[in-house]
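Next come the chains, spelled out residue by residue.
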Amino acid sequence: MKRFFALALACGFLVIGGQSLAHTPLFACFDNADGTIFCEGGFSDGSSAAGVPIIVKNGAGKVIFRGELSRTSDIEFNKPEGEYSVLFDGGEEHSIEIPGSQIFK
Amino acid sequence: MNRGLLLAGLLTLFLSAPALAHFQMLYTPQSALEQGGELHLKLIFTHPFKCDHIMDMAPVQEFYMVHQRGEEGKPQKTDLKEFLKEITWRGLGDAAGKAFEAVLPARVVRSIGDYVFVLVPGPYYEKADEGYIQQFTKMIVNVGGVPGNWHQPLGLPAEIVPLNKPYANWTGGIFRGVVMSNGKPVPNAEVDVEYLNFDVNMAANAFEGEAKIKAPHPAFETITVLANAWGEFAVSLPKAGWWGIAVPDVVELKHEGKSMVQEAVLWIQVTDLP
Numbered sequence: 346m347k348r349f350f351a352l353a354l355a356c357g358f359l360v361i362g363g364q365s366l367a368h369t370p371l372f373a374c375f376d377n378a379d380g381t382i383f384c385e386g387g388f389s390d391g392s393s394a395a396g397v398p399i400i401v402k403n404g405a406g407k408v409i410f411r412g413e414l415s416r417t418s419d420i421e422f423n424k425p426e427g428e429y430s431v432l433f434d435g436g437e438e439h440s441i442e443i444p445g446s447q448i449f450k
Numbered sequence: 026m027n028r029g030l031l032l033a034g035l036l037t038l039f040l041s042a043p044a045l046a047h048f049q050m051l052y053t054p055q056s057a058l059e060q061g062g063e064l065h066l067k068l069i070f071t072h073p074f075k076c077d078h079i080m081d082m083a084p085v086q087e088f089y090m091v092h093q094r095g096e097e098g099k100p101q102k103t104d105l106k107e108f109l110k111e112i113t114w115r116g117l118g119d120a121a122g123k124a125f126e127a128v129l130p131a132r133v134v135r136s137i138g139d140y141v142f143v144l145v146p147g148p149y150y151e152k153a154d155e156g157y158i159q160q161f162t163k164m165i166v167n168v169g170g171v172p173g174n175w176h177q178p179l180g181l182p183a184e185i186v187p188l189n190k191p192y193a194n195w196t197g198g199i200f201r202g203v204v205m206s207n208g209k210p211v212p213n214a215e216v217d218v219e220y221l222n223f224d225v226n227m228a229a230n231a232f233e234g235e236a237k238i239k240a241p242h243p244a245f246e247t248i249t250v251l252a253n254a255w256g257e258f259a260v261s262l263p264k265a266g267w268w269g270i271a272v273p274d275v276v277e278l279k280h281e282g283k284s285m286v287q288e289a290v291l292w293i294q295v296t297d298l299p
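Note that the protein sequences, when read in sequence, are chains G and U.
FYI, the numbering used here numbers position 72 of the first sequence as 417, with every residue one higher than the one before it.
FYI, the numbering used here numbers position 209 of the second sequence as 234, with every residue one higher than the one before it.
Hints are computed from structural coordinates only; laboratory data are not their basis.
One should not assume that every hint holds.
Claimed, not checked - Simulated restraints on C-beta separations:
| id | chain 1 | residue 1 | chain 2 | residue 2 | range |
| --- | --- | --- | --- | --- | --- |
| 1 | G | E421 | U | D104 | 24 to 30 Å |
| 2 | G | G427 | U | A131 | 23 to 29 Å |
| 3 | U | G282 | G | S415 | 51 to 57 Å |
| 4 | G | T417 | U | T196 | 51 to 57 Å |
| 5 | G | E438 | U | A236 | 45 to 51 Å |
| 6 | U | A121 | G | H368 | 44 to 50 Å |
| 7 | G | N377 | U | Y89 | 21 to 27 Å |
| 8 | G | E442 | U | Y89 | 32 to 38 Å |
The beta carbon of each residue, even a glycine, is placed where N, CA and C say it ideally should be.
So that you can see chain G by itself, here it is in the shape it has in the complex (with noise of 0.2 Å):
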């Protein structure tokens, strides 16, 4: 029985640990034009990424700004001046970064 129960264990574990493998964490930010950033995220498997951080680095890798993804996932911050990056940390394997050249209108 006890056997039983340390095999069980372990199955559990794996099942968990390969659903945490197999999601994919993805994260999109729009220039609304009005001087704010709209930023989204969400996972493969549909998942939320409510309070997810989001960090936004100046082009000298200065953090400027820090918050979290809302509820509905999703943030809005002022576009700031000159060279940034914004990044999703999702912790490890988990974190995209998007610099903001890449971010349009």
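Following the hints, position chain U against chain G.
Showing chain U alone in chain G's frame:
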């Protein structure tokens, strides 16, 4: 054998056969998009395997999309009738008929997620059947890979609800769906499947080129499968391109003193392995 009776029977078969192959198209070149942007749609009533008839579409009753980002997102319905423009669509030979196009601005299809497009054309009078046909047509686009509401029923009078993502099918795969009417499964429905067998020229508003598949027998032009007691069906997808799935005669009612059938159509796109 009464030769007159035989002739009448053959004539009835000949006249009624094309009605089975009517498919309302709701077409865009690519349904799995990496990013949003301006989206071009063509609305054509045709026989997609032969493209030899273009039926004049009646004025559109409803044309809208339901967008949802993520499984937990809220579906948002947007009316799209303001973007419709009447066009003439040319089929093979001299075939031509009234159709519609829509150019959706980038702001409408910008966010990531699923976009379920729904077209409810006005009833089309089919002379051969002395009755009207109305096909509730769905086509689903995804932007960015985040899924949403592709599998959610909309409660249409006649509807195919996908059990596979309609925009993510490999050649050789299986597509499954459920035939529904007002949100409830329709048992044992007939399901007709046709391949869009010619190229679509978006700029010229025309079908063109050579047939991609030569059918060895008429039964291969429209593949027919039957749904089970729960309305579920499965079809194989042997070739890349667009496949139309239609369920005839889901609802029978009257329209302007004539019989009318309400039917369901779903378009799915199949992609070759790289």
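Going through the hints against the structure:
Under the hint 24 to 30 Å, the C-beta atoms of E421/G and D104/U, about 25 Å apart, fit the expected range. A beta carbon spacing of about 25 Å between G427/G and A131/U agrees with the range 23 to 29 Å that was offered as a hint. Between G282/U and S415/G, the C-beta spacing of about 54 Å keeps the proposed range 51 to 57 Å intact. Distance hint check: the CB atoms of T417/G and T196/U are about 36 Å apart, inconsistent with the given range 51 to 57 Å.
A beta carbon spacing of about 47 Å between E438/G and A236/U agrees with the range 45 to 51 Å that was offered as a hint. A C-beta distance of roughly 48 Å is found between A121/U and H368/G, which places it inside the suggested range of 44 to 50 Å. Range check, N377/G to Y89/U: Cβ separation about 24 Å, and the 21 to 27 Å hint holds. Range check, E442/G to Y89/U: Cβ separation about 36 Å, and the 32 to 38 Å hint holds.
Going down the numbered hints, you'll see the structure goes against just number 4.
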